[in-house]
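Chains as they are written, first to last, in this note's numbering: chain A, 1 to 351; chain B, 1 to 77.
Think of the hints as simulated: they come from the structure by calculation, not from any bench. The beta carbon of each residue, even a glycine, is placed where N, CA and C say it ideally should be.
Only pairs whose alpha carbons sit at most 30 angstroms apart, straight line, appear in this in silico DSS-like list of lysine-lysine:
#, chain 1, residue 1, chain 2, residue 2
1, B, 63, A, 306
2, B, 60, A, 225
3, A, 339, B, 63
4, A, 131, A, 43
5, A, 159, A, 132
6, B, 63, A, 259
7, A, 148, A, 5
8, A, 24, B, 51
9, B, 51, A, 225
10, A, 329, B, 60
11, B, 51, A, 309
12, B, 51, A, 243
13, B, 60, A, 309
14, A, 79, A, 5
Over the 10 angstroms line for every Cβ pair with chain B, so calculated as not near, a few chain A residues:
#, residue
15, 204
16, 243
17, 248
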Amino acid sequence: MAEKKFRVVHYLNQFFAQIGGEEKANIPPESRAEVVGPGLGLKAALGQEAEIVGTVICGDSYFGENMEAASAEVLNLIKEFEPDLVIAGPAFNAGRYGAACGAVCAAVQRELNLPAVTAMYPENPGTDIYKKEVYILPTGGSAASMRKVLPKLAAFALKLARGEAIGDPAEEGYIARGIRKNIMTHKPGAERAMEMLLAKIKGQPFTTELPMPAFDRVAPNPPVKDMAQATIALVTSGGIVAKGNPDHIEASSASKFGKYSLAGLDNMTSETHETAHGGYDPTYANDDPDRVVPLDVMRDLEREGKIGKVFEYFYATVGNGTSVANAAKFGAEIAKELKEGGVTAVILTST
Amino acid sequence: MVKEIERAGLPVVHMCTVVPISLTVGANRIVPTVAIPHPLGDPELPEAEEKVLRRALVEKALKALETPVDGQHVFEE
Numbered sequence: 001m002a003e004k005k006f007r008v009v010h011y012l013n014q015f016f017a018q019i020g021g022e023e024k025a026n027i028p029p030e031s032r033a034e035v036v037g038p039g040l041g042l043k044a045a046l047g048q049e050a051e052i053v054g055t056v057i058c059g060d061s062y063f064g065e066n067m068e069a070a071s072a073e074v075l076n077l078i079k080e081f082e083p084d085l086v087i088a089g090p091a092f093n094a095g096r097y098g099a100a101c102g103a104v105c106a107a108v109q110r111e112l113n114l115p116a117v118t119a120m121y122p123e124n125p126g127t128d129i130y131k132k133e134v135y136i137l138p139t140g141g142s143a144a145s146m147r148k149v150l151p152k153l154a155a156f157a158l159k160l161a162r163g164e165a166i167g168d169p170a171e172e173g174y175i176a177r178g179i180r181k182n183i184m185t186h187k188p189g190a191e192r193a194m195e196m197l198l199a200k201i202k203g204q205p206f207t208t209e210l211p212m213p214a215f216d217r218v219a220p221n222p223p224v225k226d227m228a229q230a231t232i233a234l235v236t237s238g239g240i241v242a243k244g245n246p247d248h249i250e251a252s253s254a255s256k257f258g259k260y261s262l263a264g265l266d267n268m269t270s271e272t273h274e275t276a277h278g279g280y281d282p283t284y285a286n287d288d289p290d291r292v293v294p295l296d297v298m299r300d301l302e303r304e305g306k307i308g309k310v311f312e313y314f315y316a317t318v319g320n321g322t323s324v325a326n327a328a329k330f331g332a333e334i335a336k337e338l339k340e341g342g343v344t345a346v347i348l349t350s351t
Numbered sequence: 001m002v003k004e005i006e007r008a009g010l011p012v013v014h015m016c017t018v019v020p021i022s023l024t025v026g027a028n029r030i031v032p033t034v035a036i037p038h039p040l041g042d043p044e045l046p047e048a049e050e051k052v053l054r055r056a057l058v059e060k061a062l063k064a065l066e067t068p069v070d071g072q073h074v075f076e077e
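Pulled out of the complex, with its shape left as it was, chain B reads as follows (with noise of 0.2 angstroms):
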């Protein structure tokens, strides 16, 4: 899907956990997340912290957007 999406002309940011998935599908940018049954958040977390944490994630996709890259790249830290 996120291949289809570049495809199509869009800039897309793939936020995933698995990152070797994502590179295999050939997503161009990549922002690794907390865990496979919640990418966003983390239950383990008061809801105010958690939500922290959800838009420092939100907002390193919206940085990786806004990030020229000439290939894969994972935006880590």
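With the rest of the complex left out, here is chain A (with noise of 0.2 angstroms):
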């Protein structure tokens, strides 16, 4: 049995690495010849057959805002290590961290040709984008499930390395991929759709062969025709709330949205305003509430006539592993209010 081990890189984020929080969420990648962080567990859970030989980290926001150029960078620092697989995340609920983990899971399968996996919740943005050309492994919503994932993980990891045949989404334990394959089985199609047709009748449990996609998407509106006469809102996921956070919004996993009055105001200074949002580093924010909500920009523009005008309130949520149901909702709510105030078109910013 003293065969050769696996060789593993692992990927993490300046969080899961120890490195810092928000504040470090822009270093640029770089690797390690060590276990690190999560990479403990990962690497009981993988036991003798596989060893992490390097962890390759980089900040989430270096990453989200350079998504092709960081991919290359960090595809570079992997390939030094000569992997048979890479590992990346868990991500949990952490949206920049999910987007990164899938687009290096991507570019390792398609550059460098190897396999690689990883774990994040499913309402996780990265879930939805890479879904479909990467093994994604749920996880709950916080690193609270971390024990629970690094197992299957690993074991996942160790299949796709043996280069064992994965089986379907259900059976495996991955999030559906959207792939239809050609099985054998013993009893016809027509037979198979009676089953299922008699068991719905009855109001028996079943499970269809051909889950039908999920889209939801909504067709865009018309343009605003006359800019000149339109009423424009301001609404932000960026967290910027009034001084003092009075409706105590959440830094993350907002439950609500608030709402505040922008009468008699030219632009927001960090004297009236603040961001609530727990998900990135606030010192710019703070500094300057403009750059995430452009209300002085805004005035400018309705004194020159070029839009009618700001409407008299805006809306703040926090975007930071908010759940979709809540957010829908938030947006919902939000977009009731906005029509019956008269108002034309929305400019919704996100950090």
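Join these two chains into a complex; the hints should help.
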């Protein structure tokens, strides 16, 4: 059994690599010939069959702001370790990190022709972007599920490294990629369809063989005809709130949104507003909140007659780890108020 | 949020830095911005120049709102 161990490279962000939080989210890719952070748990779960030969780390904002260039840099560092397999994350519900893990795995498969796997929360935007091309195992919303997911991630990774066939998503526990495969069964299609139909009529559970993809796209509305008469509303998921955060909007996983008057305000300053967002370095937004909600420029445009007017309130929530269900609910409620207020169109800014 | 605002019948432009995320959440009019912690600014610039940059981005967003699109569109330069 003294076979060669599979060589694994592990990808992490600055936070899980224990370099720092948001203030370090801008660090460029770096590599270390050692096991780092969650790599320790992963190493234990991989056992004797594989060895983590290196860890490649990149700051989440650095990656998110230049995804193509960052992918290429990360890939070069990964290549130097001559791995057999790459494991990224887990990213849980960290959006930029999830997107980075997906991008790294996709690039590893495409450019290096090596197997790769990652894990994240199903609502992480990285899931939707990369599930078609990358094996993604589902995790809970926070790092509290680390212990549970690492053994699964390790077992799946070893299967990939061994070149074993990967079965369907339900049996292997990864997020469905929407790929159809032909398989042999002992019953003809008509019979299987009848069984499903009968089960459905009886109200019994059944499993479709062809789940329809859930496309929820909303068609764009017609453009604004006369900007000089239009009322434009400002909305942000970047967490800009009145100073002191009077509504106590959570720094992450927001359960509500805030509505703040713009009456008499010519711009936003560190005296009047601040950010409640816990998912990015707040220094720049706190110094000048116009960098997230561009009130100063909107007032200029209003005075110059380029737009009719700025709507008298702006709306804000924190998009960090906020559930899709909550975000949709906030969006619908905000839209209802904007329509009642006679708003023509909306500028929504995100960090 | 952006999708629900659109669904309610209001044209909406999404200004953000991570365009792939905007595409996946279903925004139709997208204007890429400067950086995650300061989408509409650049702390490296002197204040006046920073405002010029911000104005250019907002004007691009208004232009996007005035432009008919028939699906997702990223307004680059």
